[in-house]
Structure formats: structure tokens, C-alpha cells
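Colleague: In case you want the letters, here they are:
Protein chains: 2
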Amino acid sequence: MSFDPAESTGLNQTAESAISADGTPDYDRTYTIAPRTGIATLLQAGDTLTITNPSGHQVCDFWTFRYPGITEYLSMAHTHTALDSIMPKPGDVLVTNNRTPILRFLEDTSPGIHDTVMAACDLPRYHQLGVSGYHDNCTDNLRMAVAAIGLSLPAIPAPFNVWMNIPVEKDGSIRWQPPVSEKGDFVRFEALVDCVAVMSACPQDLTPVNGLDTEPDKLTFQVTR
Amino acid sequence: MSFDPAESTGLNQTAESAISADGTPDYDRTYTIAPRTGIATLLQAGDTLTITNPSGHQVCDFWTFRYPGITEYLSMAHTHTALDSIMPKPGDVLVTNNRTPILRFLEDTSPGIHDTVMAACDLPRYHQLGVSGYHDNCTDNLRMAVAAIGLSLPAIPAPFNVWMNIPVEKDGSIRWQPPVSEKGDFVRFEALVDCVAVMSACPQDLTPVNGLDTEPDKLTFQVTR
Numbered sequence: 000m001s002f003d004p005a006e007s008t009g010l011n012q013t014a015e016s017a018i019s020a021d022g023t024p025d026y027d028r029t030y031t032i033a034p035r036t037g038i039a040t041l042l043q044a045g046d047t048l049t050i051t052n053p054s055g056h057q058v059c060d061f062w063t064f065r066y067p068g069i070t071e072y073l074s075m076a077h078t079h080t081a082l083d084s085i086m087p088k089p090g091d092v093l094v095t096n097n098r099t100p101i102l103r104f105l106e107d108t109s110p111g112i113h114d115t116v117m118a119a120c121d122l123p124r125y126h127q128l129g130v131s132g133y134h135d136n137c138t139d140n141l142r143m144a145v146a147a148i149g150l151s152l153p154a155i156p157a158p159f160n161v162w163m164n165i166p167v168e169k170d171g172s173i174r175w176q177p178p179v180s181e182k183g184d185f186v187r188f189e190a191l192v193d194c195v196a197v198m199s200a201c202p203q204d205l206t207p208v209n210g211l212d213t214e215p216d217k218l219t220f221q222v223t224r
Numbered sequence: 000m001s002f003d004p005a006e007s008t009g010l011n012q013t014a015e016s017a018i019s020a021d022g023t024p025d026y027d028r029t030y031t032i033a034p035r036t037g038i039a040t041l042l043q044a045g046d047t048l049t050i051t052n053p054s055g056h057q058v059c060d061f062w063t064f065r066y067p068g069i070t071e072y073l074s075m076a077h078t079h080t081a082l083d084s085i086m087p088k089p090g091d092v093l094v095t096n097n098r099t100p101i102l103r104f105l106e107d108t109s110p111g112i113h114d115t116v117m118a119a120c121d122l123p124r125y126h127q128l129g130v131s132g133y134h135d136n137c138t139d140n141l142r143m144a145v146a147a148i149g150l151s152l153p154a155i156p157a158p159f160n161v162w163m164n165i166p167v168e169k170d171g172s173i174r175w176q177p178p179v180s181e182k183g184d185f186v187r188f189e190a191l192v193d194c195v196a197v198m199s200a201c202p203q204d205l206t207p208v209n210g211l212d213t214e215p216d217k218l219t220f221q222v223t224r
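Chains as they are written, first to last, in numbering that gives the first Met the number 0: chain C, 0 to 224; chain A, 0 to 224.
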């Protein structure tokens, strides 16, 4: 009956994704997140993280965890209260499950349509969509990316689904739509405390969240200071 | 830096709220949740839980955890995916962070306005609202109610805020509104697996979520089979 949030349901190259033993990045280097995989990077307070969408149609599931002691993490539910909004925009300060400011949203070249209410995809989701056997998924990418730098996921926080287009209607109903972002769009965040950032290039290929008639694609990121 | 999700930031009578040593309820008994406090109750698969709002204006922060091994729990973010909606209604099946069906929403005598995107209130929230010193809060009520039956909270899941009225506009902005429920309204759920249900009579008295010009009030509940 016990459920281990850290236990991956399968493996992909995310398990070998460490950019260094503890996730410390090379500043100003452009790292590529291969399609369907994830990567974790350490950020020191004051560092800037830029996530770029080369194809324009690729969603990034995004999490941050205070470091060390990653039991405090970016929380969408607490951020909704902080922002009086479910749609973060540049200038906003995103907060943790203990309401600590963790990220400042600095810049967004896209039209600003993102999702903060949907869980990351996981293997049970793909099985419910009719897949048999393994399917890459953002939750396993999160688990593996964190494990790859020697940490263990304490819980599965709801992600900041950058560029995911999930309109919420007045009656609460939602729709799964393709992104409205364009080639080369990027988002930029400042780390307000030391933290681990994890990005997954979402492998969803059964709903149009990563574009109509397209394949999951890569993302890139850079850390600067 | 390490954050313990189980550690209460203060105490109230929730710490003494155990309805029995392990939370096993007396069937058909009406239990009262005192204003500003919480209670945990075990539910066996097939049991029915009815939560009643005597004043009509009192919000119930509500969580369920699979039992034993409470690391799998009702997840609003995963439930949004399951329902294609952020507004659960009778007939809906609510799911866990591992997408296991955990509750069936059986009945709702209120107009059906509830919140599933906001975090539970906590002491940092009240400090941000200008309170100095301790203020009762739903997160501590959750921690204490779980501890009162001998368990330790593994994480702080986003709650199902029953009767909380937080309209979400097309641009993502939200407003904090009084409940539209009326005296004696109730919601009823069927447990689909063995679980612990926790209810907190929200002590928020600085925003109108528990009604305009009103005080936080009691709730009641019954378990039947």
C-alpha cells in the first residue's frame, strides 16, 4: 500500500542526465534537454535560468526545490494564493510549500499562456490513455533527474507547465490545447534562494499539448550569474 | 534549510481531536468539528462520509490519504486531469497522486461551488496578512489531526476546499468570495479504498472565504456503511 514518490516506474536517458556529479552547472553554457527526457541543475541565489523552446511547440514541466534539504519546493497551490492568479507572468514572485519566495519570473517572450493546475504526466496516465508497457513521462523524468545528482524526490509537486495551454472555463472545465508559443521563445527566472531546478521536455504524444501533428521535441537551458 | 511537512507551527485543540486511538469512527454518530480545528477519521472502502455545514458559510479544507502508508493521497492536480475540470461534482471519481480512484463524490446539496486550486492556509500566510504571533490554520490542523491518530504527515497536499468560492477568470486571475452554500448543506463521498479523511473548519477570519462579517464556525460529519 505504501507509495514511494521517488521510485521511478521505468528508465530512460534521464537517469544519465547529470550535468555534473551534484548538478552544478557551467555558467553560460547551453544545455540541451533531449526530447522526452529531463535534467536537474543547481541554482545559487541570484543565478538566472533561461529555458528556451527551439521548436516553439514543446511544453516544459518545471519544478524547483530548495537546496539542500529538498523537502521545501515550488508549490503551484501556494503560488496561486501569492499571485491571486493561476497564470504567473513576468514580475511575479513564485513561492514554496512554506511560502518562501523561490523564483522571480523575469521575462517571457511567448504570449504568456502556461498551466499551473495539471499534474505531470506519469505511467498510470499513459496506461489510462491506452498505452501498454512503458511510456516516457515527466514524473519519472523528475525522479530520475533528481536521482542523477544524488538526491531522492520527497514528494511529487504539481509542476509549472511552461507553455502548456489548458484554458479553464467559467464552469471549471478545461481543454487540452496546443501551445501558442513560437520558435525560440524563452522564459527567464531568477533564483531567490539556492535551489535545484528540474525541467522535463514533456513526452506527451497522445494529446495535443505539445502541438498538433507534432512529435515531442527538445528544449535548451542556460544558467547565468 | 530542511523543512518537515509534519511539524506543526503551533497547537490548538486539534491535537486532542482523536475520535479513537487510531481514528476508527463510530458509524452513524454525528461528530462536531469545533470552529478553527480539524479531525481525522478512518474510512474503509465502501464507507460513506457526509460533511455538513450547519451555518452555511463555513469552508471545509478536506484531504484523504490511503491507509496504511499515507504517502499516497488525494491530489487535486491529478484529479483535474481525471475530470477535465477544476470543479468536482457529484458522480465524479477523485484520484490520488498515483491516479488511484480514492473517493466518489456522491451528493452535494449546495450550488456546487468549491475550490481545488488554492493551498490550505498556514501560519506564514497569516503573518503575510499582518497577524503577529500564532493564528489557527488549516495546515497545522491537518498536521495535528493526523498526529492525533498516531500518523505523521508525509507532505502537504493541496486540499479540496469544500464550499470555498474562488472564481477563476479567463485571464487566470482569482477572487476571494464568500461561500454560496446555505445552512445545513452537505457533501457526501464514498471511500473507494481504505483511507484517512481529514477535515478542517477553516479559521480564516481575515478574508471573506468563510462569509462576510462572520466568524469561523463549526462543521459536522458522519461515517456510515
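These aren't lab readings, by the way, just hints derived from the structure by calculation. Note that this is a predicted model, so its numbers are computed, not measured. A virtual CB, placed ideally from N, CA and C, is assigned to each residue, including glycine. Careful: at least some of the hints might be erroneous.
Derived Cβ-Cβ restraints for the label pairs, each shown as a range [what the hints assert, rightly or not]: (1) Tyr30(A) <-> Tyr133(C): 43 to 49 Å; (2) Thr23(A) <-> Thr31(C): 50 to 56 Å; (3) Gly129(C) <-> Gly183(A): 42 to 48 Å; (4) Thr31(C) <-> Pro67(A): 52 to 58 Å; (5) Asp3(C) <-> Ala44(A): 47 to 53 Å; (6) Glu214(C) <-> Gly183(A): 50 to 56 Å.
Colleague: Output the indices of the hints that this structure fails to meet, ascending.
Modeller: 4 and 5
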